[in-house]
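These protein sequences, in sequence, are chains A and B.
For the first sequence, the positions run 1 to 256 when the numbering used here is used.
For the second sequence, the positions run 1 to 328 when the numbering used here is used.
Everything labelled a hint here was simulated from the structure, so no lab data went into it.
Take the hints with a grain of salt, since some may be wrong.
What the hints assert, rightly or not - Only pairs whose alpha carbons sit at most 27 Å apart, straight line, appear in this in silico DSS-like list of lysine-lysine:
#1 Lys158(A) <-> Lys164(B)
#2 Lys183(A) <-> Lys3(B)
#3 Lys83(A) <-> Lys170(A)
#4 Lys286(B) <-> Lys243(B)
#5 Lys154(A) <-> Lys10(B)
#6 Lys94(B) <-> Lys158(A)
#7 Lys299(B) <-> Lys24(B)
#8 Lys56(B) <-> Lys170(A)
#9 Lys3(B) <-> Lys158(A)
#10 Lys119(B) <-> Lys148(B)
#11 Lys94(B) <-> Lys154(A)
#12 Lys158(A) <-> Lys56(B)
#13 Lys154(A) <-> Lys227(B)
#14 Lys158(A) <-> Lys172(B)
#15 Lys148(B) <-> Lys170(A)
#16 Lys10(B) <-> Lys170(A)
#17 Lys100(B) <-> Lys172(B)
#18 Lys169(B) <-> Lys24(B)
#19 Lys198(B) <-> Lys172(B)
#20 Lys170(A) <-> Lys50(B)
#21 Lys323(B) <-> Lys286(B)
#22 Lys146(B) <-> Lys50(B)
Each chain is listed here by its residues.
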Amino acid sequence: MKDRWFLSLFMFLGSIIVLFLTIPLIKLFMSVGITTMGKTILDATVYNSIFLTLRVALYAVLFVCITGIPLAYLIVRSDFFGKSFIESLLDIPVMVPHTAAGIALLVAFSSGYVGDILNFFHLGFIDTTTGVMSAMMFLSAPFLINGAKEGFRKVDEKYEYVARTLGASKIDAFFTIVLPMAKSDIINGALMMWSRALGEFGAVVIIAYHPMVAPVLIYDRFNNFGLKFSAPVAADMIIISVLIFLTIRVVNNRLR
Amino acid sequence: MLKIENLLLKKEDFTLGELSFEVKKNSYFVILGKTGSGKTMLLETVAGLKRNILGKVYLNGIDITTLQPEKRDFGFVYQDFMLFPNMSVGENIKYSSRYKQIKNQKELFVDLIEFLQIKGLLNRDITHLSGGEKQRVALARAIYSKPKLLLLDEPLSAVDPTFKNSIMKLLKGIIKRYDMTIIHVTHNFKEASFLADKIAVMLDGKILQIGRANDVLNRPTSIEVAKFLGFKNIFKGSFFDFKDERRDRYFSVDPNRILFSYKKNDKEFCYECRIDSILDITDHYKVFAKVKNREIFAKITKNMFDKLELEEGKDCLMCIDSKDVEII
Chain A
1 MKDRWFLSLF MFLGSIIVLF LTIPLIKLFM SVGITTMGKT ILDATVYNSI FLTLRVALYA
61 VLFVCITGIP LAYLIVRSDF FGKSFIESLL DIPVMVPHTA AGIALLVAFS SGYVGDILNF
121 FHLGFIDTTT GVMSAMMFLS APFLINGAKE GFRKVDEKYE YVARTLGASK IDAFFTIVLP
181 MAKSDIINGA LMMWSRALGE FGAVVIIAYH PMVAPVLIYD RFNNFGLKFS APVAADMIII
241 SVLIFLTIRV VNNRLR
Chain B
1 MLKIENLLLK KEDFTLGELS FEVKKNSYFV ILGKTGSGKT MLLETVAGLK RNILGKVYLN
61 GIDITTLQPE KRDFGFVYQD FMLFPNMSVG ENIKYSSRYK QIKNQKELFV DLIEFLQIKG
121 LLNRDITHLS GGEKQRVALA RAIYSKPKLL LLDEPLSAVD PTFKNSIMKL LKGIIKRYDM
181 TIIHVTHNFK EASFLADKIA VMLDGKILQI GRANDVLNRP TSIEVAKFLG FKNIFKGSFF
241 DFKDERRDRY FSVDPNRILF SYKKNDKEFC YECRIDSILD ITDHYKVFAK VKNREIFAKI
301 TKNMFDKLEL EEGKDCLMCI DSKDVEII
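Make the full structure from the sequences, and use the hints.
Dropping the structure here:
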């Protein structure tokens, strides 16, 4: 009897948070309706903005895959001076207010040597996709790096040892054994980073109001035209993100 | 073939070494020691997987101390097998062919799957294999790479006891069949006695005794090794009232050879004793008695026990012959 009360209490408390998280989304879709969502997605400004957001968030993820995965491996497998400091440093972006992060990025990369290098390659920073990508990356990279760290930690170093006695170099062992075994956690980390990057607004709006990514477009339409014009964009953005997110997760789970 | 010279490795608060020993070609060398005595660390060092070592490792007279593991041609089988879960059984076995030129690959593969009886497993997912099957696949993977030296780290500890004997026979057959040399680490005396040509006893990172299997297992040269090998009743020579050079040496008395009686008999040594405690085991009694303020342990048959009517607290004589006393 006591068990049943305990479970019922937990179910009640859990259902409060489930409702809190789902009601706004359901209400949003119901208030907008499928027809309006369809019409809105056909609007060039909207689909260009959503596609830009998905694309730039993907670039940010790819960049962190190339740079963050090796870092995660080093942190897990090696002992080096300042390792704990770097680990703490990596978690800072998660704690910083997003607008403050935008200001910091602006100060660091819009001028000076880095600014000159970006300008030399015609990448620019303010009001460019480079700036948007930096903002997304700064605030969401820890998700991917921590996911990769988690994945590498689960791979016993002895697998690498065996591979090496079988003739594989350290890099061969990494690509043929360690990476495939940590793949699932890395993909999950990448998904978390990508979805976090898609929703980035605070830092992006400081660096680049244009080109307009979806969160900025939603804000812009809300500010200038009100809820009626911003809600369909928000609904479209959510549905596309969720569909992509679920597809990758299902494929990842199948590959496991 | 393999020569280790003054090998020393420190890892946190554990020190391995200094160790020096040789392993002859086509021999089965067993390193016997307790868990945590540094056996696995030693194998990993020999394989080149541990860096920052002092001392030298020679293979056929060539210094390989700084050679990368992938260049050494040493196979390694861990006690938990470490089969790659992202590959099938067949892919696991053939993994080394991605990086090494292996002569007569096809014939070797066919021979291995027949020898280790793994034909039916080739397309299986490694997660669905039993301990014994994983063991044979791990062995096949290591042998397929044609190593000069095969390093086995407690290879039988995760295998079902019913398969242990058959796998031990397979292990013994590897040397001749594949022209290999094996270093096998274990804490199991039975394995060591069955498999080894030579045994090294390793405790706390140091090798305390090396020799032919029979010699090491029956004639320990130190108290530590004797205790580890399960020798009971270890006493100094003075216990037996030796007056000569044997006085300062140590001796072990076989618990099965101790005779209790109430009057002197033809045994060489007889001492007064008091029975401390008696344990009834299925087919014998374990008797703990006090002799000269030292505890002695004896195993006596149920018949003898009934005849003597031994009881806790009873005084009697404990007698042994000098042939039943092993010098350590």
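Right, here's what the structure says about each hint:
Restraint check: the Cα-Cα separation between Lys158(A) and Lys164(B) comes to about 24 Å, which is no more than 27 Å; the hinted pair holds. Proximity of Lys183(A) to Lys3(B) is assessed by CA-CA distance (about 41 Å); at most 27 Å being required, the pair is judged violated. Only pairs whose Cα atoms come within 27 Å are accepted, and Lys83(A) paired with Lys170(A) is accepted, the gap being roughly 21 Å. In summary, the hint linking Lys286(B) to Lys243(B) is not supported, as the alpha carbons are separated by about 31 Å, beyond the 27 Å threshold.
Distance hint between Lys154(A) and Lys10(B) is fulfilled; the C-alpha atoms sit about 26 Å from each other, no more than 27 Å. Our distance criterion of 27 Å between C-alpha atoms is met by Lys94(B) and Lys158(A), whose separation comes to about 18 Å. Using a Cα cut-off of 27 Å, the hinted pair Lys299(B) and Lys24(B) is violated, with the two alpha carbons roughly 40 Å apart. With a CA separation close to 23 Å, the supplied pair Lys56(B) and Lys170(A) stays within the 27 Å bound.
For the hint linking Lys3(B) to Lys158(A), the alpha-carbon distance of about 24 Å falls within 27 Å, and the restraint holds. Only pairs whose Cα atoms come within 27 Å are accepted, and Lys119(B) paired with Lys148(B) is accepted, the gap being roughly 25 Å. This hinted pair checks out: Lys94(B) and Lys154(A) have alpha carbons roughly 24 Å apart, not beyond 27 Å. Restraint check for Lys158(A) and Lys56(B): satisfied, since their Cα atoms lie roughly 23 Å apart, inside the 27 Å limit.
Only pairs whose Cα atoms come within 27 Å are accepted, and Lys154(A) paired with Lys227(B) is rejected, the gap being roughly 39 Å. In summary, the hint linking Lys158(A) to Lys172(B) is supported, as the alpha carbons are separated by about 25 Å, within the 27 Å threshold. A threshold of 27 Å between alpha carbons decides the hint, and for Lys148(B) with Lys170(A) the separation of about 21 Å falls inside it, so the pair holds. As the CA atoms of Lys10(B) and Lys170(A) are separated by approximately 23 Å, the hinted pair is consistent with the 27 Å bound.
For the hint pairing Lys100(B) with Lys172(B), the CA-to-CA distance comes to about 26 Å; that is within 27 Å, so the pair holds. With a CA separation close to 21 Å, the supplied pair Lys169(B) and Lys24(B) stays within the 27 Å bound. Restraint check for Lys198(B) and Lys172(B): the C-alpha separation of about 13 Å stays at or below 27 Å, so the hint holds. Taking the CA atoms of Lys170(A) and Lys50(B), the gap is about 13 Å. The hint holds against a cut of 27 Å.
Among the hinted pairs, Lys323(B) with Lys286(B) is consistent with the structure: their alpha-carbon atoms are about 22 Å apart, no more than 27 Å. Using a Cα cut-off of 27 Å, the hinted pair Lys146(B) and Lys50(B) holds, with the two alpha carbons roughly 22 Å apart.
Violated hints, listed in ascending order, are 2, 4, 7, 13; each of the other numbered hints is respected by the structure.
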